[in-house]
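So the protein sequences, as listed, match chains U and B. One rule links them: number in the working numbering = place in the first sequence (from 1) + 11. One rule links them: number in the working numbering = place in the second sequence (from 1) + 246.
Source of the hints: derived by calculation from the structure; they are not laboratory data. One or more of the hints may lead you astray.
[Unchecked claim] Below, a list of computed lysine to any residue pairs in the SDA-like style, where the Cα atoms sit at most 20 Å apart:
#, chain 1, residue 1, chain 2, residue 2
1, B, K493, B, T386
2, B, K493, U, K47
3, U, K135, B, T280
4, U, K47, B, Q283
5, U, K47, B, V581
6, B, K448, B, R433
7, U, K135, B, Q283
8, U, K118, B, Y579
9, U, K57, B, E572
10, B, K575, U, K135
11, U, K118, B, L577
12, B, K380, B, T482
13, B, K549, B, H522
14, B, K506, B, R467
15, B, K583, B, K380
16, U, K118, U, T80
17, B, K453, U, K135
18, U, K135, B, M354
[To be verified] Just the calculated beta-carbon pair ranges, DEER-fashion:
#, chain 1, residue 1, chain 2, residue 2, range
19, U, T109, B, V305, 54 to 62 Å
20, U, P48, B, E416, 29 to 37 Å
21, U, T109, B, H475, 51 to 59 Å
22, U, A131, B, Q338, 36 to 44 Å
23, U, K57, B, N374, 28 to 36 Å
24, B, T482, U, R99, 28 to 36 Å
25, U, T50, B, D352, 20 to 28 Å
26, B, D545, U, M78, 52 to 60 Å
27, B, L479, U, A131, 51 to 59 Å
Each residue gets a CB set at the ideal place from its N, CA and C atoms; glycine is no exception.
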Amino acid sequence: MKDMFACYSLALLLAFAAALPVAAHHSFAAEFDITKPVTLVGNITKIEWTNPHAYLYIDVKDPQTGMVTNWEIEMGSPNGLTRLGWTRNLLKPGDGVTIEGSLGRAKPNLANARSVVMTATGQKLGAASSEGAR
Amino acid sequence: MAPVKRAVTALLVIVSVALVAGQAARGSIAGRITTDQGDPAAGATVQVKDPAGKITSVVAGKAGEYRIASLAAGTYEISVPQMGLRTARYAQADVVVDAGKTLTIDIMLMPNNFGIVGDDAAFLQMYNKYKDLKGPAPRTPEGRPDFSGVWLANVDPNPAAAQMLPWGVEEWNRRRERAFEGMPTSRCLPADPTLTLPVFYKIIQTKALLVHLFEQDPHYRQAFLNGSHPADLDPTWMGHTIGRWEKDTLVLDTIGLNDKSWLLQGTWLPHTEKLHIIERYTRPDLAHLNIDVTIEDSDTFIKPVERHVQWLFTPGEELFEAICAENNKFLQYSVFK
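The shape of chain U in the complex, shown without the other chains:
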């Protein structure tokens, strides 16, 4: 009987493990929808350099209506960003950025950032190639 449980459990675990997006240390899938990618171009209005996540706020202008919307962008922790070569003063209010990420679930105008590119320099922040920014 115990062996039957073992087979049953193992089969279930293996089946689900294959399809499972790994949840690392925060449940991002509860906050963001990876099936809804978003690209945002705008100017920074505020930075929260805080734990457990840093946030960028950016004004994004709709190219058709001209309407400006303020977006909240979740990133990793200041510690992780620092080790990627960021400092809390690397980005300032007014700086232009392009963000790629996924849409938030809980409210409009919320997203996370998979990549952040500075408009002025074209530098992609946080990628392996930005190591020189240290």
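Given chain U, work out where chain B should sit, using these hints.
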């Protein structure tokens, strides 16, 4: 030609033919590894596993290039283990290597955690900065291996699936269906008492103590090297840890754990208060700390769960403050209420 010389020449010819035949019976896998951002994944480990379970591994070069040569013709599984928190494990089974041929497999790694920028300890950069450290393992004045310093942890490159009793499988499925939103760390509660999260740890070692510091709640764990477990422990998140030396191996033993923590990053297994964690620490050289973790809980696991991890010495790094409750918006932004 003298008889001896003829014999040597004949032998050389036979050996050469055998070597050529041997090479012809073997093949290679080669290619290039990139991150989800398209950057070269320099320093990534590539593994091939033969049907007998034997693993051969190489490390990708600066342009992300790799080559695993001299593989007997046959079927393999190729994989790139998870690196840190942000880069997911890649695996492809049923890869056929033909004799005398090079199979090209270019690999783009997929992100964990949506690939959120900064949600990592910059694993690849840090790994490449320190992976070539050479030297013997340092020792304490008492002659014990000295584990002190800052270390970059990573997960088991070949984690075996846990085998759980039905209640454990049901609980795990419930967690999965809710996108693991109940994860304690999402609420600024402690992470895993097995200390297997792939982040930085700082170890402070004295004759009487081995202290781990880390950037997650509760930020420390102390192991008492001269003591025994108190009777009738109140269950806590990190439990009570004692340690003893077995020659150059430090064996840590933890009991007195509550059932609230989730075990093993990326898997997040349930457990009961019967949980018993045994960690065996050895330092083979300056750069590496090998840790074998055994997780026992006969009310949850059909057999003990094992993890074999290797940490990398990162003497130029330091821990930062990380007060999770400062600005945690998870409960506000989670769709699970």
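Outcome of the hint check:
A threshold of 20 Å between alpha carbons decides the hint, and for K493(B) with T386(B) the separation of about 14 Å falls inside it, so the pair holds. Taking the CA atoms of K493(B) and K47(U), the gap is near 55 Å; set against the 20 Å cutoff, the hint is violated. Between the alpha carbons of K135(U) and T280(B) the distance comes to roughly 16 Å, so the proposed pair stays at or under 20 Å and holds. This hinted pair checks out: K47(U) and Q283(B) have alpha carbons roughly 18 Å apart, not beyond 20 Å.
Distance check on the hinted pair: K47(U) and V581(B) sit about 15 Å apart at the alpha-carbon level, within 20 Å; holds. Straight-line distance between C-alpha atoms of K448(B) and R433(B) comes to about 23 Å, which puts the hinted pair past the 20 Å bound. Proposed proximity of K135(U) and Q283(B) is supported: the alpha carbons are some 10 Å apart, at most 20 Å. Simply put, K118(U) and Y579(B) have alpha-carbon atoms about 8 Å apart, close enough for the 20 Å limit, and the pair holds.
Straight-line distance between C-alpha atoms of K57(U) and E572(B) comes to about 17 Å, which keeps the hinted pair within the 20 Å bound. Proposed proximity of K575(B) and K135(U) is contradicted: the alpha carbons are some 26 Å apart, above 20 Å. This hinted pair checks out: K118(U) and L577(B) have alpha carbons roughly 13 Å apart, not beyond 20 Å. Between K380(B) and T482(B) the alpha-carbon distance is near 39 Å, which puts this suggested pair outside the 20 Å criterion.
Between K549(B) and H522(B), the direct Cα distance comes to roughly 13 Å. Compliance with the 20 Å bound is thereby established for this hinted pair. For the suggested pair K506(B) and R467(B), the alpha carbons sit about 17 Å apart, so the restraint of at most 20 Å is met. A C-alpha spacing of about 51 Å is found between K583(B) and K380(B), which places the hinted pair above 20 Å, so the restraint is violated. Restraint check for K118(U) and T80(U): satisfied, since their Cα atoms lie roughly 13 Å apart, inside the 20 Å limit.
Only pairs whose Cα atoms come within 20 Å are accepted, and K453(B) paired with K135(U) is rejected, the gap being roughly 47 Å. Only pairs whose Cα atoms come within 20 Å are accepted, and K135(U) paired with M354(B) is accepted, the gap being roughly 18 Å. As the Cβ distance of T109(U) to V305(B) is approximately 33 Å, the hint placing it in 54 to 62 Å is violated. With their beta carbons about 34 Å apart, P48(U) and E416(B) fall inside the hinted range of 29 to 37 Å.
Range check, T109(U) to H475(B): Cβ separation about 55 Å, and the 51 to 59 Å hint holds. A131(U) and Q338(B) have their C-beta atoms about 41 Å apart, which keeps the hinted 36 to 44 Å range intact. At roughly 34 Å, the beta-carbon separation of K57(U) and N374(B) lies within the given 28 to 36 Å, and the hint holds. For the hinted restraint 28 to 36 Å between T482(B) and R99(U), the CB-CB distance of approximately 35 Å keeps it satisfied.
In this structure the supplied range 20 to 28 Å holds for T50(U) paired with D352(B), their Cβ-Cβ distance being about 25 Å. Between D545(B) and M78(U), the C-beta spacing of about 58 Å keeps the proposed range 52 to 60 Å intact. For the pair L479(B) and A131(U), the supplied restraint of 51 to 59 Å holds, since their beta-carbon distance comes to about 57 Å.
Of the numbered hints given earlier, the model fails hints 2, 6, 10, 12, 15, 17 and 19; all others are met.
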